[in-house]
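K.L.:
From first to last, the protein sequence lines are chains U and Y.
Read in this note's numbering, the first sequence has 168 at position 168, and its numbers run on one by one without any break.
Read in this note's numbering, the second sequence has 343 at position 343, and its numbers run on one by one without any break.
Some hints here could point you the wrong way.
Result set (PhoX-like, lysine-lysine): computed pairs, CA atoms no more than 25 angstroms apart in a straight line [unchecked claim]: (1) U:154 x Y:218; (2) Y:40 x Y:295; (3) Y:23 x U:241; (4) U:68 x Y:200; (5) Y:286 x Y:237; (6) Y:160 x Y:295; (7) U:66 x Y:160; (8) U:66 x Y:331; (9) Y:286 x U:154; (10) Y:150 x U:154; (11) U:241 x U:154; (12) Y:150 x U:66; (13) Y:260 x Y:97; (14) Y:55 x Y:241; (15) Y:23 x Y:277; (16) Y:200 x U:154; (17) Y:286 x U:241; (18) Y:40 x Y:23; (19) Y:200 x Y:260; (20) Y:200 x U:241; (21) Y:286 x U:68; (22) Y:260 x Y:150; (23) Y:55 x U:154; (24) U:68 x Y:331.
By construction, these hints were calculated from the structure, which means they are not laboratory data.
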Amino acid sequence: MEAVRTNEAGLRRDEWLERLKLFGLGSPAILLILVILVIPVGWLFYVSFIGADGTFSLENYERMLKRKSYARIFQTTFEVSFLTTGLCILIGYPLAYFIAGLPNRIANLCLITVLLPFWTSLLVRTYAWLVLLQKRGLVNEWAISLGLWDEPIKMVHNMTGTLIGMVHIMLPFLILPVYGAMKAIDRDLMKAASNLGASPRRAFWTVFFPLTLPGLFAGSLMVFILCLGFFVTPAVLGGGKVIMVSMKIVSNIELFVNWGAASALGVVLLVSTMVILWIASRFLNLEKMTGGGH
Amino acid sequence: MKTRTILTISAAVMATGAFAQDKSVTIASWGGSYQEAQSKALFEPAAANTGIEVKQETYGGMSDVRLQVSSGQVTLDIVASGSGSAARAAAEGLLEKLDYNVIDVSTFYPGLYTDYCIGGDVFSTVYAWNTNTYGENGPQSWADFWDVEKFPGSRAYRGKVAGALEGALMADGVAPADVYSVLDSEEGIERAIDKIRELKPHISVFWTSGAQHAQLMKDGEVDMTTGWNGRFDNAAKDGAKVAYSFNQALLDYDCFAVPKGAPNRDTAMMFLNEISKPEYQDDLPKYITYGPTNKAAYETGEITADVAAGLPSSPDNAAMQLPVSLDWYAKWETIAAEMYQEMLTE
């Protein structure tokens, strides 16, 4: 009896010590997050409540309600991000599926070409689209000389151009996690499904597709969240008409004497993103989808 | 984020020794063909003649100065700025008062220097057109710029409010002399913005930088745009099919200011005095078609009659234009900018 109790206390002490050690190992990361994330975001939050005269004020938020342009800018931001994510899924998923079915050597080569754009600056790629898509750009010139269309088509300085540029830049962020998830699937499962009489289509939708969901959601989430903060691509390819929150933040820094006018925009973007993710997590089991629940 | 080109000019070698050789100033400007012109005409020769070492940077405007001043980490001694944003920065307390005991402005045009900012060049916001599309007989007024029947084709217009409303009101029939009194109320501003709304279906790009509007014309992406005259001349030199008119254009100036707490404030004043002298200012038009702010620069013989005729500040050209009102921008720019944004996002 006595021995057991000692043992129990000893175990508890060991567990406690181990937790302490783990905390010790994690503390640099916790400290880092505190310094580079929690404090700045807290500061942002605080500054957004400081008005032009330096005292506590709600004016930075009232302005957003008063002027319809703010709501439209948020709407554009989420619209562009949703559409980009959707297009990335439509283009990226089949491509990842195709690459995952190739022999390893060729698949690696394909992955390198997917990754290749990462080695070119975002700014360069964005301007390259401008050169290709503008009124007298390569695409229009060629298409007209080949007789595909007679008048130059407006493919840039609008929403279309913005989406083309953003999808191009975001695609690798979707393809890689999806490809990873596909490679992890045991292909024998598909054979087993056919063995049990499932058509290829049925086998795909009931066996393969659900198993790729964690990768698909991780990729989509990453694309969506990165899109929300995009600046260069919409600024260059949107023709000044596709205005996203980041662009308005910059113009508010130039326009208003107080930092709060820009900070408040950052706060609203952060909060609305969190709300969207929260709603998404109510409908979808995000933890499981992103592979965190295993 | 910011291309920081630091160009150190080793002027010490050329200094005669009478000047202190360890004096230096850091100057920030806008980059591109504009800063190149300033550098060749003003900064480099002035550095060579005074022995003051010049470090050049590019910057993002007065918001950079605000950040430096509010954090107490001022590194810039002189900044090139638009006259309007300098006036606003001065009102905010971000700038040092200029020492006109050191800086000689006796031959300056009146109104091209203030307590906080001394004019460096005079430029115009003009309308420009593609000469392939319209020939030499392009639009000759803001009303023409708005006339999409007489001048069919796509337009570009400024994505910010500065310099955007005046032309719209003139197109709406307001006489140049009355533009700022009409704009002196929210209704007046809305009237100008409504006029831009009317043209908006034909505006394919709202430009945000001088380099951009020059490129739009070079590429033939739009047939007409507003913009800064010097950029169009430089684009034309590169082969762009572009011409512009000074009629009803907006006459404005760029100036140099000293951020509050600049590390080399006194040297900065001396350097500003140097680059404001006519013998430097008269070289600026060789590199970009912006006019001098010092009247005496026209008398040195460096600026030929031909060159002068193409400058925004030449008497004939200046007479056709509307001088930009700094007072209006100080009072209304923030409100007008928010109203302008409404129109852009519709």
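K.L.:
When the hints from earlier in the document are held up against this structure, which numbers fail?
P.N.:
3, 6, 9, 12, 14, 17, 19, 21, 22, 23
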